[in-house]
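Asks: Same order as they appear, the protein sequences are chains P and D. First residue of the first sequence: 84, per our numbering; consecutive thereafter. First residue of the second sequence: 7, per our numbering; consecutive thereafter.
Honestly, I wouldn't trust all of these hints.
Claimed, not checked - Pairs of lysine to any residue, SDA-like flavour, derived with a Cα cap of 20 Å:
1) K129(P) x A375(D)
2) K101(P) x G69(D)
3) K68(D) x N125(P)
4) K133(P) x G344(D)
5) K116(P) x H119(D)
6) K129(P) x Q195(D)
7) K37(D) x H119(D)
8) K89(P) x S142(P)
9) K139(D) x G62(D)
10) K133(P) x H119(D)
11) K68(D) x F109(P)
12) K118(D) x Q134(D)
13) K68(D) x K10(D)
14) K110(P) x V28(D)
As the list claims (entries may be wrong) - For the chain P half of the interface with chain D, some residues (derived, Cβ under 10 Å), not all of them:
15) D113
16) S142
17) I146
18) S153
19) S156
Rather than coming from a laboratory, the hints here were simulated on the basis of the structure. Keep in mind it's a predicted model, so treat the numbers as computed, not measured. Glycine included, each C-beta is placed from N, C-alpha and C at the ideal position.
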Amino acid sequence: MTDETKAQLEEAIVNLIKEFTNKKRFKPGDIVKEMEMKFSVNGVTKDDVKAAIRDLTDSGRLIYGYAGGSFLSLPE
Amino acid sequence: MSKKHQTPLLDELKKGKWPSFVTEIERAAEKSEMTDDLLGQVEQSYKEKMGHWKHGGMVGVKGYGGGIVGRFSDLPEKYPGVKEFHTVRINQPSGFFYTSDILRKIVDVGDKHASSLYNFHGSTGDIQILGVKTSELETIFQQLVSFGFDLGGSGSALRTPSCCVGMARCEFANYDAMNMCYNITQAFQDEMHRPIFNYKFKFKFSGCGNDCTASIARADLSVIGTWKDNIRIDQDMVKEYAKKINLHKYVTGKCPTKCMSYDETGLKIDDSNCSKCMHCINVMPKALRPGVKGGVTILLGSKAPMVSGPRLSMVLVPFYDVAEDAKNGYQWFKDLIGKIWEFWDEYGVSRERVGELIQRVGIGNFLEAIGLEPLPEMVSSPRGNPFVLYEEYVEADGEKN
């Protein structure tokens with residue numbers, strides 16, 4: 084995966100969560116499946132999406148929450 | 007110190023000669039005002055016969071999705087001390103070994119930044135610091151990291167793997183449960199700290215069939231020590247035991263498969279019929295020992311009664327030569343776990359444990375997906391019927407070959 088694709092992938096993940104704020108809680112697994120499909124032409128794998136989520140949570144752009152199951156969210 | 011809240015119902019629970027959780031909370035309340043409010047809230051819960059806790063929310067430390075269990079009071083105005091009362095889970099060392107120095111350091115952190123209450127250990131095995139405010143989480147985490155500790159698992163993630171004391175303190179251990187637990191914990195840090203599963207997943211490693219971690223009932227994947235050869239018998243010691251206890255009543259008579267007998271010539275065991283339950287070895291530990299060809303049985307699917315009813319694990323791999331795989335960093339075992347998780351990820355639904363998924367899709371489909379051959383030993387309990395119907399032994403008209 085190129086650096087450009089990685090940046091696009093991370094942006095797409097954040098935008099997806101932003102778009103559905105207060106409407107839907109995304110489990111990390113849902114995002115992996117969604118992004119793997121969306122970026123399949125770029126050769127993005129499950130592990131790439133997991134790595135992108137790791138980078139986003141490590142940098143604080145996304146945080147984890149829990150409500151009957153774990154989900155990803157924008158920081159409050 | 008005078009009590010902030012009157013607690014007549016809790017006071018009843020201090021009576022008797024056994025340690026009381028109320029006494030311990032009161033001791034902690036001498037150091038912490040928030041713990042005083044805890045007593046008030048618990049008293050009210052007893053009075054009203056309902057709990058006053060909410061859990062979950064956006065509580066954690068940076069980069070981690072697990073390790074902190076958010077806990078809030080639904081009566082924050084009345085009990086401000088427990089408005090936020092989170093739990094910090096700390097990954098325990100294999101076999102729960104600590105120095106007194108490190109324990110002092112951990113409790114010093116808890117006394118300074120939390121309620122002065124601890125669980126040693128939580129039901130999954132972690133050390134738990136109770137009663138932490140959101141603002142204190144990062145501080146506690148950083149201090150624990152400086153001691154060489156890390157957070158455990160929570161949420162839809164791999165929960166902290168745990169094991170018995172294994173070969174460090176037990177003569178019955180058939181494999182190095184502590185080493186395996188440590189290796190697996192290191193290998194799956196990402197799965198533990200960054201929730202990615204449909205629901206929780208637990209490993210527990212027990213050195214023998216006594217199953218001191220209760221893995222068969224409490225772990226999605228239970229790893230239980232066993233042996234392939236014969237029970238080692240010291241006939242002289244058997245005779246010594248026979249002088250003290252009735253072997254027919256308490257040993258051979260209690261054998262679940264009736265595979266042993268005792269007479270003046272000594273103890274005889276039909277090892278091909280032994281289910282390795284450990285009963286006879288437990289009664290006569292100086293006379294009997296597990297065989298020397300140790301390994302493990304891998305079982306899958308147990309859970310407590312949350313979404314659906316409770317389940318015990320079923321046998322997935324009857325005998326796994328763990329010592330051989332250990333030379334290769336447990337790679338075969340890790341590959342198996344990877345296949346199980348992949349199937350669960352693909353076909354499991356939200357809040358569905360792997361055992362429930364197998365029940366829903368059928369064991370045949372599951373085994374095919376993870377690439378294991380069905381075996382007659384894949385049973386839910388010793389002497390139970392296998393799940394697998396071998397069609398090649400059944401004619402079209404139903405007559406058995």
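Asks: Does each hint hold? Answer for all of them.
Replies: Now the hints, each set against the structure:
The straight-line distance between the Cα atoms of K129(P) and A375(D) is roughly 18 Å, inside the 20 Å bound, and the hint therefore holds. Simply put, K101(P) and G69(D) have alpha-carbon atoms about 19 Å apart, close enough for the 20 Å limit, and the pair holds. At most 20 Å may separate the alpha-carbon atoms for a hinted pair to count; K68(D) and N125(P) exceed this at roughly 30 Å. A threshold of 20 Å between alpha carbons decides the hint, and for K133(P) with G344(D) the separation of about 15 Å falls inside it, so the pair holds.
Note on K116(P) and H119(D): the hinted pairing is violated, with a Cα-Cα distance of about 40 Å set against a maximum of 20 Å. Distance hint between K129(P) and Q195(D) is fulfilled; the C-alpha atoms sit about 17 Å from each other, no more than 20 Å. Restraint check for K37(D) and H119(D): the C-alpha separation of about 11 Å stays at or below 20 Å, so the hint holds. Taking the CA atoms of K89(P) and S142(P), the gap is near 15 Å; set against the 20 Å cutoff, the hint holds.
As the CA atoms of K139(D) and G62(D) are separated by approximately 14 Å, the hinted pair is consistent with the 20 Å bound. Annotation: proposed proximity of K133(P) to H119(D) is violated, straight-line Cα distance about 33 Å (limit 20 Å). Restraint check for K68(D) and F109(P): satisfied, since their Cα atoms lie roughly 19 Å apart, inside the 20 Å limit. A C-alpha spacing of about 15 Å is found between K118(D) and Q134(D), which places the hinted pair at or below 20 Å, so the restraint holds.
As the CA atoms of K68(D) and K10(D) are separated by approximately 36 Å, the hinted pair breaks the 20 Å bound. Between the alpha carbons of K110(P) and V28(D) the distance comes to roughly 39 Å, so the proposed pair goes past 20 Å and is violated. Given the 10 Å rule on beta carbons, the hint for D113(P) holds: about 9 Å separates it from the nearest Cβ of chain D. With its C-beta approaching chain D no nearer than about 8 Å, S142(P) sits inside the 10 Å limit, and its interface hint holds.
A cut of 10 Å between beta carbons decides the hint on I146(P): the least distance to chain D is about 6 Å, and the hint holds. Interface hint status for S153(P): upheld, as the beta-carbon distance to the closest one in chain D is roughly 3 Å, under 10 Å. At its closest, the beta carbon of S156(P) sits 6 Å from a beta carbon of chain D; the interface hint therefore holds under the 10 Å criterion.
Hint compliance for this structure: hints 3, 5, 10, 13, 14 are not met, and every other hint is.
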